[in-house]
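Quick mapping for you: the protein sequence lines, in order, are chains A and B. Numbered continuously in my numbering, the first sequence closes out at residue 329. Numbered continuously in my numbering, the second sequence closes out at residue 430.
If you are wondering where the hints come from, they were derived from the structure by calculation, not from laboratory data. In this text the structure is predicted, and so the values were computed from the model without any measurement. The beta-carbon is built from N, C-alpha and C at its ideal position, and this holds for glycine as well. Please note that a few of the clues may not be correct.
Calculated cross-link-like contacts (lysine-lysine; reagent style DSBU-like; alpha-carbon spacing at most 35 Å) [to be verified]:
hint, chain 1, residue 1, chain 2, residue 2
1, B, 223, A, 101
2, A, 101, B, 231
3, B, 223, B, 179
4, B, 138, B, 223
5, A, 318, A, 227
6, B, 73, B, 138
7, B, 231, B, 125
8, A, 156, B, 179
9, B, 223, B, 125
What the simulated footprint calls covered on chain A by chain B, stretch by stretch (three residues with Cβ under 8 Å from a Cβ of chain B suffice, anywhere in the stretch; the number is not a length) [said to hold, decoys possible]:
hint, stretch
10, 69 to 75
11, 180 to 191
12, 270 to 277
13, 305 to 312
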Amino acid sequence: MSASPSTAAAPAASEAGTPTARGTRGTAKRRPPVTRRGERLAGYTFMTPWIIGSLVFTVGPMLWSLYLSFTDYHLILGGDFIGLANYRAMFDDPMFARAVKVTLLYVVLAVPLKLAASLAVAMLLTQSRRGIGFYRAAFYMPSLIAMSVGMALVWKALFATDGPQDQIMSWFGWEGGGFIGNPDVSILMLVLLSVWTFGAPMVIFMAGLLQVPGELHEAAQVDGAGKWHRFVHITIPMLSPVIFFNVLMETVHAFQMFGPAFIIGGTAGGPAWSTLFYTVRVYALAFVDLRMGYASAWAWMLVLAVGVVTLIMFRAAKNLVYYAGEDNK
Amino acid sequence: MIRDPYRLRRRSLLTSASAAAVVAAAAACGDDGPAGTADDPIEISFEWWGDENRAGITTEAVELFQKKNEGIKVTTNFADFPTYWEGLSGRMASRDLPDVFQMDYSRLRQFGTGGLLLPLEGVVKTDDFREGFLDTAKLDGQLVAVPIAGNTLGLLYRADWFGDNGVTFEPGYTWEDYKAAVGTVGATLGEGMWAGADWAGQYHFMELWLRQTGGSFYTEDGKALNFDAAKLVEWWGTSADLYADGLVPPVETTIEWTEDGLVQDVLGSEIGWDNFMPGFAPTVEANGGTLALAAPPTLDPANLGLYLKPSMQLVISGATEQAEAAAKLVDFLLGDPEAIAILGTNRGVPATNTGLETVEIDAYTQAVLDYEASVSQYLTTPPPAPPAATGAIEVKFGEIYQQVQYGEMTAADAADLFFTEAETLLASEQ
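Using the sequences provided together with the hints, build the complete structure.
Here it is in structure tokens:
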């Protein structure tokens, strides 16, 4: 809606260079304040459904859960304010350490693997080839469906004993059966599911790769740099803001892993708690044990932990990420 | 050129919005709730746990109910046991329970407190229940549920496999006898087949075992466990050597089972509820075997620890707006001869006299009745309705025992963890 008036007004603006009485519908920053206020009101009015939605369905429940985290709220019986007792109890809770361990293991495995895969495929898909559009779509496809219930069920079938994974691996001497029933490797199938859904970071990597100036590569080539050197010394540094963004997003997502783990491992994080993700445990505390207060404290601890990790990443990024045009370092 | 492209649209938008509001308000004014006629039916919801098979016959019975009660529309839903309870627990918090739903004795207190269930005295028919069945439908003296059927624990076993090896189970045989039999028969079976299943992960079976020496799982007031960690280690130890010798299926295998081992023709026996018999036996027979029922093993030949438990109950939500229609449905499902004929013994042998007289007793159901008659002298007073946290404790019991099976924890550590968890859960509801 706003596009058409501003393009229409563009010639007038460039012609005069300053606001004129004639330009009744100038570009946004030149409009008289009265209209601006009116438009702002209209803008907020149109946003009302979303503002209400986020207040009622996101901000409100979040604040409520923050309050609950300081109570011993039981889903049916209600509860009382107990201060920090929930947060203290967490550190004595043997399940807390387990859930943290499983989640960290997953983050450490899934994030780098997924990013490596998505970068590799992004590099393949930024070549100019015939039918490249098809390949791009094809590689993006899994991420559209992967976090669905259906996919988790397919995964369950793939990694069952005597399922495809078990059969193929047993040709090479594997005797561990399906990943589903084997606590030593069960987390790997969730890592694989995550890696397989590299679509989103891949698209972002592709956009980043296409931004790397071709003349840098040409210049380096003239100087005799090989493919590997150009990748390490040109592509990676030029891509570092995009890498940083992807690392950040994927890490935050990985911490919140829930759906497939819940479907495959259940509330018990089976087998033997090997898929007892932090979020799965929060769910079990809330909806099996009905301990809403304690579950809320767990949830807020996750918020805190992800916040701290994000902060550390931003700190680290200062020295690792190269933004073009900021050459004063 | 349009001077203000928004104005027209805005006005028409406002007009249509206010028009819609007026229409909605007018519609709301004329609505005093459903009239209960075919055109404007009363709607009630009914949910249960179970498989497709149960869903099929239940839906059929519900359709008959709707035909006989024009003006009541029943929406139905079902899920498997764990999913069902996870869903209802969440909905319980928002008081969004179905009007009529299937209840499990171990969850009765959890749902029965706080006015979530409608007191049923005088609401549904209670004059036709078989002796002793209503005892387990009361919570602190108040009737909040009605039993659909009853069941008790037993040993389901392959009479062909055990019989071929000269093993029979007479009431009063010991756990050691049973273990020996599992060993003997197991030795004759091929790989991937077992004569018995690991019983140690089920809290109901431990309760049975505790009752055999006069104990109980919970204290009388339901506020604590009535045994100690050492006892739990001892219980978990009862199947440990069979497990170590591979005479019962390993957890790696059972975790992937979506069907019972008996039905899959790989298991020779298991302790379980006697009402599973009619469900399993036809498949076992189709596999060329014979399924039979015997008393469970015991620690004391004079005390089998058994009691008659409601296999399932029906309850009405305390928040229902259609108590009358809901009660009609409950009465219909338990007492209408045609409904009973459709439902059969899928949920167990009916708890009403009408049900028992009407239901078609096939050979498998007869086996259950015979079994219950054979142990009737051993049936003792049921324990009081277990504490509200039982549902969660039951889950935890199996989950923690799984760690022992996988060798991730020693039985002693696992027992300590179970006590920590169970005590926290029991404390959380006081």
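Status of the hints after comparison with the structure:
1. 223/B to 101/A: Distance of about 33 Å is within 35 Å: holds.
2. 101/A to 231/B: Given pair residue 101/A, residue 231/B holds - Cα atoms ~31 Å apart, limit 35 Å.
3. 223/B to 179/B: At roughly 34 Å apart (the allowed maximum being 35 Å), residue 179/B and residue 223/B satisfy the hint.
4. 138/B to 223/B: Satisfied, since the Cα-Cα distance of roughly 18 Å is no more than 35 Å.
5. 318/A to 227/A: Roughly 27 Å separates the two Cα atoms, so the pair holds.
6. 73/B to 138/B: 29 Å, holds
7. 231/B to 125/B: 43 Å, violated
8. 156/A to 179/B: Holds - the C-alpha atoms of residue 179/B and residue 156/A are around 34 Å apart, at most 35 Å.
9. 223/B to 125/B: 33 Å, holds
10. 69 to 75: holds (count 3)
11. 180 to 191: holds (count 4)
12. 270 to 277: Held - the stretch 270 to 277 of chain A has 4 residues with a Cβ nearer than 8 Å to chain B, which meets the minimum of three.
13. 305 to 312: violated (count 0)
Of the numbered hints given earlier, the model fails hints 7 and 13; all others are met.
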